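Student: Residues per chain are reported as follows:
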Amino acid sequence: MIRVQEEDFDLGLELSRLTEGNHTIGGLCSFVGLVRDMAGDEEISAMTLEHYPGMTETALAEIEAQALERWSLDATLIIHRYGRLQPGEQIVLVAAASAHRDVAFDACHFLIDWLKTKAPFWKLEDTPGGGSWVDAKESDNSAATRWDQPTTLIDDDNGVAG
Amino acid sequence: MKILYFAWVREKTGKAQEEVSIPESVNTVTALADWLTNRDEKFAEVFEQRSAVRVAVNQEYVSFDHAVSDNDEIAFFPPVTGG
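Here the protein sequences come in this chain order: A and B. Every position in the first sequence, counted from 1, becomes a number in my numbering once 551 is added. Every position in the second sequence, counted from 1, becomes a number in my numbering once 355 is added.
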C-alpha cells in the first residue's frame with residue numbers, strides 16, 4: 552500500500568494495521584525518516600517537501616511492485632509526506648513484512664534506497680541564510696545501485712520466525 | 356503540451372506549469388529545451404547544465420533524446436531528494 556499525504560502518521564497504528572490478521576508474518580521491518588535540525592554545520596528551522604502529484608504515486612507503486620516481485624513478502628507500506636515540516640517530524644515510512652527477518656530487512660532497505668533516488672520529491676531547507684534546495688547525494692545513488700541486480704529469492708524455512 | 360516545473364527549476368523559470376503549442380520541428384526533449392530557452396532567457400540558466408536537470412514525459416523518467424509531441428505532459432526538475 553502506498554500513501555502520499557500532508558498529515559502526520561501514527562507509526563504504531565500503521566504497523567499494527569499492516570500485519571493485522573496475517574499470522575504467517577514472522578518479521579516486520581520498518582524505516583522512518585525524520586527531519587534533522589542540522590545540515591552540515593547549518594541550522595535547519597523547517598523543511599518543505601515538494602512533489603509531483605500523479606507521478607509520485609506511480610513511482611511509489613512501481614517501487615512497491617518491484618519489492619513484491621523480488622522478495623516473498625506478506626505486506627508492504629510506503630507513506631511519504633509533503634508540505635512544511637518541523638525538525639523532528641516524520642517524513643517517510645517504509646515497511647516490509649515477511650515470514651522471516653532477512654527478507655523483511657532486505658526489502659525494507661530496498662524500498663527506502665529506491666524511493667530516495669526514484670520518487671519525485673524535493674526538499675527545501677529553511678536555513679539562517681534563506682531557503683536552500685537539498686542537492687541529490689552521490690551516496691544515495693550508490694546505495695540504490697546495489698539493488699540493480701534482481702535479488703535471488705531467499706528460501707529460508709529453517710529458522711524460528713523473526 | 357503541458358509543461359511542469361519543480362523545485363529550483365520552478366523558481367528559476369518563475370512558473371509551476373504552462374500550456375504551450377510547439378512547432379512540429381520540436382520533436383525531442385533537447386529540441387524543446389532549446390525552444391524554451393530561445394523563447395525566454397530565464398530558461399538558459401536552467402538548461403546551461405543539462406546534467407543537473409531531469410525530465411519526465413507523461414510521468415516517466417526519460418533522457419533528453421526522448422521524443423515529445425503536442426499531447427504530452429513534460430516535467431523538468433532537479434534530481435530527486437525525498438525520503
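One or more hints might be untrue.
Here are the simulated distance ranges between beta carbons [as the list claims (entries may be wrong)]:
hint: 1; chain 1: A; residue 1: M589; chain 2: B; residue 2: D420; range: 18 to 24 Å
hint: 2; chain 1: A; residue 1: D592; chain 2: B; residue 2: K370; range: 43 to 49 Å
hint: 3; chain 1: B; residue 1: N393; chain 2: A; residue 2: M589; range: 41 to 47 Å
hint: 4; chain 1: A; residue 1: N573; chain 2: B; residue 2: N426; range: 32 to 38 Å
hint: 5; chain 1: A; residue 1: G682; chain 2: B; residue 2: Y416; range: 23 to 29 Å
hint: 6; chain 1: A; residue 1: E557; chain 2: B; residue 2: E403; range: 32 to 38 Å
hint: 7; chain 1: A; residue 1: R568; chain 2: B; residue 2: K397; range: 44 to 50 Å
hint: 8; chain 1: B; residue 1: K397; chain 2: A; residue 2: E571; range: 39 to 45 Å
hint: 9; chain 1: B; residue 1: T383; chain 2: A; residue 2: L619; range: 48 to 54 Å
hint: 10; chain 1: A; residue 1: A597; chain 2: B; residue 2: A371; range: 17 to 23 Å
hint: 11; chain 1: A; residue 1: G591; chain 2: B; residue 2: T383; range: 23 to 29 Å
hint: 12; chain 1: A; residue 1: E557; chain 2: B; residue 2: K367; range: 31 to 37 Å
hint: 13; chain 1: B; residue 1: K370; chain 2: A; residue 2: N573; range: 46 to 52 Å
No more than 25 Å apart at the CA atoms, straight line, and that leaves these computed lysine to any residue pairs for SDA-like [claimed, not checked]:
hint: 14; chain 1: B; residue 1: K367; chain 2: A; residue 2: T607
hint: 15; chain 1: B; residue 1: K370; chain 2: A; residue 2: H651
hint: 16; chain 1: A; residue 1: K669; chain 2: B; residue 2: S376
hint: 17; chain 1: A; residue 1: K669; chain 2: B; residue 2: S406
hint: 18; chain 1: B; residue 1: K367; chain 2: A; residue 2: H651
hint: 19; chain 1: B; residue 1: K367; chain 2: B; residue 2: F402
hint: 20; chain 1: B; residue 1: K370; chain 2: A; residue 2: S683
hint: 21; chain 1: B; residue 1: K367; chain 2: A; residue 2: G680
hint: 22; chain 1: B; residue 1: K357; chain 2: A; residue 2: P604
hint: 23; chain 1: B; residue 1: K367; chain 2: A; residue 2: T678
hint: 24; chain 1: B; residue 1: K370; chain 2: A; residue 2: I553
hint: 25; chain 1: B; residue 1: K367; chain 2: A; residue 2: R697
hint: 26; chain 1: A; residue 1: K688; chain 2: B; residue 2: P433
hint: 27; chain 1: B; residue 1: K357; chain 2: A; residue 2: E601
hint: 28; chain 1: B; residue 1: K397; chain 2: B; residue 2: T368
hint: 29; chain 1: B; residue 1: K367; chain 2: A; residue 2: L636
hint: 30; chain 1: A; residue 1: K688; chain 2: B; residue 2: E400
hint: 31; chain 1: B; residue 1: K357; chain 2: A; residue 2: G634
hint: 32; chain 1: B; residue 1: K370; chain 2: A; residue 2: S693
hint: 33; chain 1: A; residue 1: K669; chain 2: B; residue 2: E396
hint: 34; chain 1: A; residue 1: K669; chain 2: B; residue 2: N393
hint: 35; chain 1: A; residue 1: K669; chain 2: B; residue 2: S418
hint: 36; chain 1: B; residue 1: K397; chain 2: A; residue 2: V555
hint: 37; chain 1: A; residue 1: K669; chain 2: B; residue 2: V417
hint: 38; chain 1: A; residue 1: K669; chain 2: B; residue 2: Q414
hint: 39; chain 1: B; residue 1: K370; chain 2: A; residue 2: W684
Derived from the structure by calculation, the hints contain no laboratory data. If you're wondering where the values come from, they're calculated on a predicted model, not measured in any experiment. Backbone N, C-alpha and C fix where the C-beta goes; we use that ideal spot for every residue, glycine too.
Student: Does each hint hold? Answer for all of them.
Tutor: Tested hints:
Judged by the Cβ atoms, the range 18 to 24 Å given for M589(A) and D420(B) is violated: they are separated by roughly 40 Å. Between D592(A) and K370(B) the beta carbon distance is about 34 Å. The supplied range of 43 to 49 Å is therefore violated. Evaluation of the 41 to 47 Å hint for N393(B) and M589(A) yields a pass: the beta carbon distance comes to about 43 Å. Between N573(A) and N426(B), the C-beta spacing of about 44 Å breaks the proposed range 32 to 38 Å.
One distance hint, 23 to 29 Å for the beta-carbon pair G682(A) and Y416(B), holds here, with the actual separation near 26 Å. Taken as a hint, the range 32 to 38 Å holds for the pair E557(A) and E403(B), whose Cβ atoms sit roughly 34 Å apart. Taking the beta carbon of each, R568(A) and K397(B) are about 47 Å apart, inside 44 to 50 Å as hinted. Checked against the given bound of 39 to 45 Å, the beta carbons of K397(B) and E571(A), roughly 52 Å apart, lie outside it.
Roughly 35 Å separates the CB atoms of T383(B) and L619(A), a value that falls outside the hinted 48 to 54 Å. Separated by about 21 Å at the C-beta atoms, A597(A) and A371(B) satisfy the suggested range of 17 to 23 Å. The given range of 23 to 29 Å is broken by G591(A) and T383(B), whose C-beta atoms sit roughly 38 Å from each other. As the Cβ distance of E557(A) to K367(B) is approximately 26 Å, the hint placing it in 31 to 37 Å is violated.
Under the hint 46 to 52 Å, the C-beta atoms of K370(B) and N573(A), about 47 Å apart, fit the expected range. Under the criterion of a C-alpha separation no larger than 25 Å, the hint pairing K367(B) with T607(A) is consistent with the structure, at around 22 Å. Taking the CA atoms of K370(B) and H651(A), the gap is about 49 Å. The hint is violated against a cut of 25 Å. For the proposed pair K669(A) and S376(B), the alpha carbon gap of about 29 Å is over 25 Å, so the pair is violated.
Only pairs whose Cα atoms come within 25 Å are accepted, and K669(A) paired with S406(B) is accepted, the gap being roughly 16 Å. Between K367(B) and H651(A), the direct Cα distance comes to roughly 49 Å. Violation of the 25 Å bound is thereby established for this hinted pair. The hinted pair formed by K367(B) and F402(B) meets the criterion: a straight-line CA distance of about 11 Å does not exceed 25 Å. Between the alpha carbons of K370(B) and S683(A) the distance comes to roughly 18 Å, so the proposed pair stays at or under 25 Å and holds.
At most 25 Å may separate the alpha-carbon atoms for a hinted pair to count; K367(B) and G680(A) meet this at roughly 18 Å. About 14 Å separates the Cα atoms of K357(B) and P604(A), which keeps this hinted pair within 25 Å; it holds. For the hint linking K367(B) to T678(A), the alpha-carbon distance of about 19 Å falls within 25 Å, and the restraint holds. The suggested pairing of K370(B) with I553(A) is violated, with an alpha-carbon distance near 29 Å, which exceeds 25 Å.
A distance of roughly 34 Å separates the Cα atoms of K367(B) and R697(A); the hinted pair therefore is violated under the 25 Å criterion. For a cut-off of 25 Å, the pair hint linking K688(A) to P433(B) stands: about 12 Å separates their Cα positions. Restraint check: the Cα-Cα separation between K357(B) and E601(A) comes to about 19 Å, which is no more than 25 Å; the hinted pair holds. A C-alpha spacing of about 6 Å is found between K397(B) and T368(B), which places the hinted pair at or below 25 Å, so the restraint holds.
In summary, the hint linking K367(B) to L636(A) is supported, as the alpha carbons are separated by about 23 Å, within the 25 Å threshold. With a CA separation close to 22 Å, the supplied pair K688(A) and E400(B) stays within the 25 Å bound. Among the hinted pairs, K357(B) with G634(A) is consistent with the structure: their alpha-carbon atoms are about 24 Å apart, no more than 25 Å. Annotation: proposed proximity of K370(B) to S693(A) is violated, straight-line Cα distance about 33 Å (limit 25 Å).
A threshold of 25 Å between alpha carbons decides the hint, and for K669(A) with E396(B) the separation of about 30 Å lies outside it, so the pair is violated. For a cut-off of 25 Å, the pair hint linking K669(A) to N393(B) is broken: about 30 Å separates their Cα positions. At roughly 14 Å between alpha-carbon atoms, K669(A) and S418(B) fall within 25 Å of each other, so this suggested pair holds. Taken as a hint, the K397(B) and V555(A) pair is broken in the structure, with Cα atoms around 32 Å apart against an allowance of 25 Å.
For the given pair, K669(A) sits about 12 Å from V417(B) by alpha-carbon distance, which is consistent with the 25 Å threshold. Between the alpha carbons of K669(A) and Q414(B) the distance comes to roughly 12 Å, so the proposed pair stays at or under 25 Å and holds. The hinted pair formed by K370(B) and W684(A) meets the criterion: a straight-line CA distance of about 17 Å does not exceed 25 Å.
Hint compliance for this structure: hints 1, 2, 4, 8, 9, 11, 12, 15, 16, 18, 24, 25, 32, 33, 34, 36 are broken, all remaining hints hold.
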